[in-house]
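Take a look at the letters that make up each chain.
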Amino acid sequence: MPETGRAGSASADSPLEKVRFACQRWIDARATDWQAWLDIAADDIEFISAADGRDPIGFTRRRDNKQELVDYFTGLQSTLEMIEFEIDEIFGDDSSVVVLSNSLWRVRANGRSVRMRAMMLFTFRDGLVCRFENIYDTEALFEAFRPLANERRSRPIIR
Amino acid sequence: MSSNAELIRSAFARWQASRGRDVSIWWEIFADNISFRSAARGREPAGFTRSVDRKSAMLRYFDFICLEMEMLDYQIETVIDAGSRVMVVANARWRMRRTGRILHLRSAKVFWFEAGKVVRLENFYDSAQLLEHAAPYSRMPTIGPRMQHAYAGDHA
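These protein sequences, in sequence, are chains A and B.
Following numbering that gives the first Met the number 0, the numbering of the first sequence begins with 0 at its first residue and continues without gaps.
Following numbering that gives the first Met the number 0, the numbering of the second sequence begins with 0 at its first residue and continues without gaps.
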């Protein structure tokens, strides 16, 4: 996992190491335990996801505090199952950390899988994450929720 | 000697000033074997976003952007300077030339440097949003609540 940055390989309480630790805990739990994320989140954390709450993944809507962040992770867990998650790169500067990742998820509602390339940006204030933004290939995610062509054809025609 | 982050800031300033038409800026800082990846991954109707692995193809990508999209506004919000990696977070407003639709696109561009040149570039953004706006058929873009205010008053 390449890493670089002004934050460098700093101490365990550096922003970069905090994010790395929380992310690894979350990966180890296959996204079923997000306490490590909450431990480094400011009470008024702002969370933004590229899909922005559009149907059918309403759980991706903007969140504005730590409790709402819990709601996001709960929604994520109930909607998608983490199959694989690899941190490809992690880097940053004094106040920001960037994680580039490759992951594989299963849509619980239909069993389909989706590979995701994502960029997560964490902004720190007073040692805690005050902003967390996730930008990824939204089309790939939406596509995994759409009915397949043969499913669309087999739908009964309602007149 | 300019840092990588300063090079990127300068390149964006020139590119913005030309409303995206001057691609010579990128010619100066891209390595011959630059690899490029864009979130939409060449899906139609945004085929110009396919991956490329050399400078000449990369510059054609910028030409295609000019052909397909008119830059109305481009604001850099953050530049993260991590030495050999530089990430730019930007908010842009484009007019899709084929459909006339106005696209508000937030993006994160990661530049990887080696020996003062960009050897890799990856562009993260809401790919569904781009494809919706580029689609030739009439369909209202699906936007979430966060972006709804940004579209207020836009009439393509």
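Incorrect hints may appear among the rest.
[To be verified] Derived pair list, reagent style SDA-like, types lysine to any residue, alpha-carbon separation capped at 20 Å: (1) A:K65 / B:N122; (2) B:K108 / A:M115; (3) B:K108 / A:K17; (4) B:K116 / A:A117; (5) B:K108 / A:S100; (6) B:K116 / A:I86; (7) B:K54 / A:N101; (8) B:K108 / A:T122; (9) B:K54 / A:I86; (10) B:K108 / A:I86; (11) B:K108 / A:E88; (12) B:K116 / A:I47; (13) B:K108 / A:R116; (14) B:K108 / A:I47; (15) B:K108 / A:E132.
Honestly, the hints are just simulated from the structure, not real lab data.
Here's how the hints hold up against the structure:
For the hint pairing K65 (chain A) with N122 (chain B), the CA-to-CA distance comes to about 29 Å; that exceeds 20 Å, so the pair is violated. About 17 Å separates the Cα atoms of K108 (chain B) and M115 (chain A), which keeps this hinted pair within 20 Å; it holds. With a CA separation close to 23 Å, the supplied pair K108 (chain B) and K17 (chain A) exceeds the 20 Å bound. For the proposed pair K116 (chain B) and A117 (chain A), the alpha carbon gap of about 24 Å is over 20 Å, so the pair is violated.
The hinted pair formed by K108 (chain B) and S100 (chain A) meets the criterion: a straight-line CA distance of about 14 Å does not exceed 20 Å. For a cut-off of 20 Å, the pair hint linking K116 (chain B) to I86 (chain A) is broken: about 25 Å separates their Cα positions. The suggested pairing of K54 (chain B) with N101 (chain A) is violated, with an alpha-carbon distance near 25 Å, which exceeds 20 Å. Proposed proximity of K108 (chain B) and T122 (chain A) is supported: the alpha carbons are some 16 Å apart, at most 20 Å.
Our distance criterion of 20 Å between C-alpha atoms is broken by K54 (chain B) and I86 (chain A), whose separation comes to about 28 Å. Proximity of K108 (chain B) to I86 (chain A) is assessed by CA-CA distance (about 18 Å); at most 20 Å being required, the pair is judged to hold. Distance hint between K108 (chain B) and E88 (chain A) is fulfilled; the C-alpha atoms sit about 14 Å from each other, no more than 20 Å. Proposed proximity of K116 (chain B) and I47 (chain A) is contradicted: the alpha carbons are some 32 Å apart, above 20 Å.
With a C-alpha separation of about 13 Å, the suggested pair K108 (chain B) and R116 (chain A) falls inside the 20 Å cut-off, and the hint holds. This hinted pair checks out: K108 (chain B) and I47 (chain A) have alpha carbons roughly 17 Å apart, not beyond 20 Å. As the CA atoms of K108 (chain B) and E132 (chain A) are separated by approximately 14 Å, the hinted pair is consistent with the 20 Å bound.
Going through the hint list in order, the structure does not satisfy hints 1, 3, 4, 6, 7, 9 and 12.
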